[in-house]
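**Student:** Line order of the protein sequences matches chains R and Z.
Residue numbers are given in my numbering: position 235 of the first sequence equals residue 235, and the series is strictly consecutive.
Residue numbers are given in my numbering: position 101 of the second sequence equals residue 101, and the series is strictly consecutive.
Keep in mind the hints are simulated off the structure, nothing from the lab.
Treat the hints with care, as some may be off.
To be verified - Calculated lysine-lysine pairs in the DSSO-like style (CA-CA distance at most 30 Å, straight line):
(1) R:K326 with R:K385
(2) Z:K82 with R:K367
(3) R:K140 with R:K62
(4) Z:K103 with R:K367
Said to hold, decoys possible - Just a sample of chain R residues kept apart from chain Z, beta carbon distances all over 10 Å, derived:
(5) Q134
(6) Q308
(7) D343
(8) V347
(9) D349
(10) Q363
(11) M366
Glycine included, C-beta positions come from ideal geometry on N, C-alpha and C.
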Amino acid sequence: MNVNEIRALFPILHQQVNGHPLVYFDSAATSQKPLPVIEALDRYYREYNSNVHRGVHTLGTKATDAYEGAREKVRRFLNAQSAQEIIFTRGTTASLNLVASSYGRANVKEGDEIVITYMEHHSNLIPWQQLAKQTGATLKYIPLQEDGTIDLRDVEATITKAAKIVAIAHVSNVLGTINPVREIARIAHERGAVVVVDAAQSAPHMKVDVQELDCDFLALSGHKMCGPTGIGVLYGKKKWLEQMEPIEFGGEMIDFVELYDSTWKELPWKFEGGTPIIAGAIGLGAAIDFLEQVGLDAIAAHEHELAQYALERMADIEGVTVYGPKERAGLVTFNIDGVHPHDVATVLDAEGIAIRAGHHCAQPLMKWLGVTATARASFYLYNTKEEIDRFIAALQKAKEYFSHVF
Amino acid sequence: MSSNHPLDQLYRQVIMDHYKNPRNRGVLEGTNVDVNMNNPTCGDRIHLTMKVEDGKVADVKFEGEGCSISMSSASMMTQAIKGKTVEEALRLAHIFSDMIQGKEYDDSVDLGDIEALQGVSKFPARIKCATLAWKALEKGLQQS
C-alpha cells in the first residue's frame with residue numbers, strides 16, 4: 001500500500017489550514033472522499049441523472065443499472081448471500097431505527113429483554129431505549145472491563161432466554177475496542193435472540209463478512225468509508241426482512257395500490273419508499289471499488305500501525321490519559337490533565353490538525369469513563385506517521401501553552 | 001509562550017484567571033431562579049441559581065463543567081450581573097450576544113472583564129462555549 005499514491009487521490013488533503021498543511025484526524029466522524037467517488041457523482045449528474053425503476057427511456061435504464069449495480073457491490077463487500085438482503089438507507093442511524101421500528105415492534109413485548117453495551121453510540125442506544133419504553137421490555141447493558149473490552153462471561157450472564165435483540169457495536173467509536181461479534185452472535189442465537197451489529201466504525205476499516213459473523217442485521221454509513229453523506233446500508237437476513245413490515249410508505253415501494261389497501265414490492269424495494277438515494281448509492285459503489293482495490297486487509301494493517309505508533313508516542317507525554325485497550329482499531333481517545341478537550345482541539349486546529357472533542361455521541365460511556373468529554377484522533381488509509389509526529393508535537397504545545405497561561 | 005501566539009487573542013490572561021479562579025461558584029439555596037442548561041453537542045453544562053428581588057439580581061452563583069471559554073464566561077457573567085437590575089442584565093446579555101458574534105455592539109456600557117471574550121468571535125467553533133451561561137441567564141430572568 002503506497003500512502004503517497006493514495007493521498008494524491010484525495011484533493012481535500014492538499015491544503016493549508018491556519019498556515020499549516022492539513023492533518024485530518026477526524027475520519028471516525030466522516031472520512032474524506034477520493035477522486036473516483038467525486039468523479040462517479042459528477043458523471044452521474046452530468047451524464048445519466050434519471051429516476052430509477054420507472055420509465056422506459058435510456059437514461060432511466062442506465063441509472064437503474066448503476067443503482068442496482070451499487071447494491072450488488074455492497075452485497076459482495078459484505079459477503080451477503082443475496083442482493084435482496086441489502087437495503088439502502090440514509091445511514092447507520094436510519095438502518096438501526098428501521099430494525100427497531102419494524103422488527104422490534106413486531107417481535108418484542110412486555111417482559112422481553114433487549115441487550116446492548118455501555119460503549120454504544122447514541123444511534124445504537126436510543127432506538128432500543130425507545131423500543132423498550134414502547135413495548136415494556138427491559139433494556140440491559142453488558143458491562144465493560146476496566147480496559148474497555150467485553151468479557152464473554154459477562155455476555156453469557158447478561159443475555160438470558162428472555163432476550164429478543166442483542167445490539168452491539170463492531171468497533172467502538174470512542175475506545176477503538178473491536179468486539180467479538182462472532183462469539184456474541186453464537187451466544188445470542190443459543191438464547192433465541194437476533195443480533196444487530198453497528199458496523200459504522202468497522203466496515204470502512206476492515207473486512208466485514210456478514211456470513212462469518214452470522215449477524216442477523218448489520219448497519220453502516222457510506223460517508224465514513226470514502227462515500228458521500230446521506231447513504232447507508234442495512235443488511236438483514238432474508239428470513240427476517242421478508243416477514244418485516246415497511247416503516248415508510250409511498251411511491252417506489254408498492255406493488256398494487258387500491259382505495260383501501262395496498263401491497264408491497266418484494267425485497268429489498270419494499271423498504272425503499274420514495275425516490276431512492278441514487279447518487280449516494282452510486283458514490284458508495286465507487287467507494288467500495290476504491291477500498292477493495294487498496295485492499296481492506298492492507299488498510300486495517302496500516303491503521304493498526306498508526307494507532308500503535310500514536311499510543312507509543314503519547315505514552316511519553318506526561319499527563320496524557322488514553323482510553324481503551326491496547327489492541328484497537330485506528331483511533332485514540334484521550335485527555336490532557338488540566339486542559340479541557342475543546343481547548344486541546346482549538347490549539348491543534350491552530351496547527352492545522354483536525355481532531356474531535358466532546359462526548360462523541362456516547363454520553364453513557366463518558367459517564368462510565370468518569371469524564372464529561374474527551375479528545376479523539378482517528379486515522380484512515382490516507383494518514384501517515386509523519387502526521388502523528390506533528391500531532392504529538394502539537395499536544396506538547398497544548399500542554400505547554402496551558403501550563404503557561406495558568 | 002510568546003505573547004504574540006495566535007491563540008493569545010482567544011486565551012486572554014483574564015479569561016484564564018476566571019477559569020482558574022471562578023467567581024461566584026456554587027449553588028444558592030432557596031432561590032427563585034434555578035436553571036440547568038447544557039450544550040448537547042459538546043457536553044458542557046451549567047447550573048445557574050439567582051436571587052431576584054425587587055427587579056434586581058441580588059445574588060447569583062453557578063456550578064458546571066466545561067472548557068476554559070464556557071466556564072470563564074459563566075464566571076464573568078455572574079460578576080457582571082450581580083446587583084444589576086433585570087433590565088440591565090438583559091441589556092448586557094444582548095450586548096454580549098452581538099459582541100461574541102462579531103457584530104457591531106453598543107460600547108456605551110462598560111463591559112469590564114467580559115470584553116476579553118471578544119476574541120472568541122474569531123473562533124466560530126467556540127462561540128457556543130461562550131454563550132451557554134448567557135443563554136442560562138436569559139432563561140432564568142424569564143423565570144423571575
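**Student:** For every hint, state whether the structure bears it out.
**Tutor:** Hints and how they fare:
For the hint pairing K326 (chain R) with K385 (chain R), the CA-to-CA distance comes to about 18 Å; that is within 30 Å, so the pair holds. As the CA atoms of K82 (chain Z) and K367 (chain R) are separated by approximately 34 Å, the hinted pair breaks the 30 Å bound. Among the hinted pairs, K140 (chain R) with K62 (chain R) is inconsistent with the structure: their alpha-carbon atoms are about 47 Å apart, more than 30 Å. The straight-line distance between the Cα atoms of K103 (chain Z) and K367 (chain R) is roughly 38 Å, outside the 30 Å bound, and the hint therefore fails.
A cut-off of 10 Å between C-beta atoms confirms that Q134 (chain R) is not in contact with chain Z; the least separation is 23 Å. Taking the minimum C-beta to C-beta distance to chain Z, about 29 Å, the non-interface status of Q308 (chain R) holds against the 10 Å cut. Its beta-carbon lying about 5 Å from the closest one in chain Z, D343 (chain R) breaks the requirement of being farther than 10 Å from that chain. The beta carbon of V347 (chain R) is not kept farther than 10 Å from every beta carbon of chain Z, the shortest such distance being approximately 6 Å.
The non-interface label for D349 (chain R) is inconsistent with chain Z: the shortest C-beta to C-beta separation is roughly 7 Å, within 10 Å. Taking the minimum C-beta to C-beta distance to chain Z, about 7 Å, the non-interface status of Q363 (chain R) is violated against the 10 Å cut. The Cβ of M366 (chain R) sits about 7 Å from the closest Cβ of chain Z, inside the 10 Å cut-off, so the non-interface label is violated.
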